[in-house]
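**Student:** Per my numbering, the very first residue in the sequence shown carries number 3; after that it's consecutive.
Possibly wrong hints are sitting among the right ones.
Keeping only pairs whose Cα atoms sit at most 25 Å apart, straight-line, the calculated DMTMM-like set for lysine to aspartate or glutamate is [as the list claims (entries may be wrong)]:
id: 1; residue 1: Lys-384; residue 2: Glu-339
id: 2; residue 1: Lys-175; residue 2: Asp-239
id: 3; residue 1: Lys-384; residue 2: Glu-497
id: 4; residue 1: Lys-119; residue 2: Glu-347
Label pairs and their computed distance ranges (CB to CB) [to be verified]:
id: 5; residue 1: Ser-383; residue 2: Arg-417; range: 21 to 29 Å
id: 6; residue 1: Lys-343; residue 2: Asp-382; range: 32 to 40 Å
id: 7; residue 1: Val-86; residue 2: Arg-150; range: 29 to 37 Å
id: 8; residue 1: Pro-94; residue 2: Val-404; range: 45 to 53 Å
id: 9; residue 1: Pro-94; residue 2: Ile-135; range: 31 to 39 Å
id: 10; residue 1: Trp-441; residue 2: Thr-155; range: 18 to 26 Å
id: 11; residue 1: Gly-176; residue 2: Ile-135; range: 33 to 41 Å
id: 12; residue 1: Asn-248; residue 2: Arg-417; range: 39 to 47 Å
id: 13; residue 1: His-440; residue 2: Arg-150; range: 31 to 39 Å
id: 14; residue 1: Met-346; residue 2: Ile-131; range: 20 to 28 Å
Quick caveat, the hints were computed from the structure, so don't treat them as lab data.
Yeah, the Cβ is synthetic: ideal placement off N, Cα and C, and Gly gets one too.
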Amino acid sequence: PREPAGARGSPREPLPGRLATPARAARGRTHSLTMRAEEDAMPLLKGEPRGASRGDSREDIEESEAQETSHERARTTSAAALQVRIEEAETPRHLAAMFCLGLINNSSFVIMVASAKSLIPDAVGLVYIFSSIPSFLLRLSAPYWFDRVTYRTRVICMVALMPVAYSAVAFAKGTTWLQLMGILAMSFQTGLGEVSALALSSRFSNRTLTMWSSGTGLAGLFGYLWVVSLNLWLGMDISLVLFLANVLTGAFFLACINLSPPPPVTRPEPEDLRSFASTAGSPRTPRSPLTPRSPWSTPAGASDPEKMQGFEFQEDETSFVLSFIMDQGDGEVVRTELSVKERMELTGTLWPWMVPLAVVYLAEYAMQSGVWGAIGFPTDSKSARNIFYSYGNWFYQGGVFVSRSSGTFYEATTRELWYMPVLQVLLLVFFVADAQFHWWYDYSLLGLCFVAGLAGGVTYVNGYRLIQESVEPYLKELAMAGGAIASDLGTLTGEAIGIGIQAWLYQVNSISD
């Protein structure tokens, strides 16, 4: 039988209670936009207001306009209420706790890496690999289970892993496999901590994300200073240096229980999800909740609660402090009912921000693990190369700290974010060529190491800010967990490339040690 006239090619409405995925939402969109444009044009040609149909009376039009005004007021009221809740939650204690979490969580990685040559002198590469792979696998799987595990459970796991990692590496000196198990535990703890903190920050304003990012930026300097000051300046054995780092576990727990409870989010009904409109397109065009807003038109400052779309929240006075000490609440996550396929689609829609993150990390870790270790004045001096490598990392970490602390002063657009990987790759190419031909070959190169840190830090804080702005409120935590895989993917790839670059530069410069 033939199809009824007009049926072929018309968009099909999703079934009730079923999420409109990007593939379903895109089906027939061109046809529906054309038909809608024709319908909108007819009233205008006849002098009627937009939105009026041929049979609409003046009373119907006024009623429709009143409903739209009512909805707009409700959204404004919801956004204002959300702003009040966020401002009340983001106390100085909460922001300081978020900074300390970033500092202590990422310091674990830096302390282990800074101790690598003293810990396992004949297998330094294994330290880097074992400190990266568990974190990478956790981030890869996080979008599929993170919303099923409460923050309280994650904190308990992290607080238990930190002393295990430090103690195993400190007291198993000479037993390589046991030390590597400790490094595995550390990698899992830091990965779990970073993904959890990024997800939690999406429930607050950009201030919380910036404080976390600033803490992680200082972690590089703090971790190296911990090892250098205790081991080199005070002459402590490296095992004692690592054992004393257990004090950071207590500080980590204290920071966790001083966080404010996040403003809760309720999941909208499926029919409400289909009503969300793209901020970059027509307000009448339906947008799937899994489809991010147009990345190229994301305005700076969109993380301001006044500019966020309103959404309902439920009262929850459970304090994070009580949730940990008295077991009254779990620090709830926002649970979603997405299938595995839809979770993969959600992560895939984040590519405009994940790609710059991955490329920036790839380029900077290729420089750190490969190129900078082959530069020295003179090149054939091992001590000279070690000095430049050490100073280069210090300047790089300084740049990272400055730029990761700038999230509330400079909010990059997606287009500006893409300039950062281009700059970082150009720096990598320059350092490789300069290490070979020695065009510009003195300690003023440290300025470029600082610039590399600036580019990396800007990409981190703004990339994750743009990810949390790109999706609806109830998907923010899941999106942040999915986007976090980009940095580890870039790190692992950059370290592998760096090993090859360093071997080639050693050969070119006739370095034998």
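**Student:** Does the beta carbon distance between Trp-441 and Thr-155 stay inside 18 to 26 Å, or does it fall outside?
**Tutor:** violated (54 Å)
**Student:** Quick one: are Gly-176 and Ile-135 within 33 to 41 Å, going by C-beta?
**Tutor:** violated (23 Å)
**Student:** Just tell me: holds or violated, for the beta carbon distance of Asn-248 and Arg-417 against 39 to 47 Å?
**Tutor:** holds (45 Å)
**Student:** For Lys-119 and Glu-347, compute the direct alpha-carbon distance and say whether it is at most 25 Å.
**Tutor:** This hinted pair is violated, its Cα atoms lying about 42 Å apart.
**Student:** Between His-440 and Arg-150, does the beta-carbon spacing fit 31 to 39 Å?
**Tutor:** violated (55 Å)
**Student:** Looking only at beta-carbon atoms, does the pair Pro-94, Ile-135 fall within the given range of 31 to 39 Å?
**Tutor:** Holds: the Cβ-Cβ distance is about 38 Å, inside 31 to 39 Å.
**Student:** Do the alpha carbons of Lys-384 and Glu-339 lie within 25 Å of each other, as the hint requires?
**Tutor:** violated (57 Å)
**Student:** Cβ-Cβ distance between Pro-94 and Val-404: within 45 to 53 Å?
**Tutor:** Roughly 22 Å apart at Cβ, these two residues miss the hinted range, so it is violated.
**Student:** Lying within 21 to 29 Å: is that true of the beta-carbon distance Ser-383 to Arg-417?
**Tutor:** violated (44 Å)
**Student:** Lys-384 and Glu-497: Cα distance at most 25 Å?
**Tutor:** Given pair Lys-384, Glu-497 holds - Cα atoms ~21 Å apart, limit 25 Å.
**Student:** Take a quick look at whether Lys-175 and Asp-239 sit within 25 Å of each other, Cα to Cα.
**Tutor:** holds (11 Å)
**Student:** Using the beta carbons of Lys-343 and Asp-382, state whether their distance is inside 32 to 40 Å or not.
**Tutor:** At roughly 56 Å between Cβ atoms, Asp-382 and Lys-343 fall outside 32 to 40 Å, so the hint is violated.
When the structure is compared with the earlier hints, violations turn up for hints 1, 4, 5, 6, 8, 10, 11, 13 and for no others.
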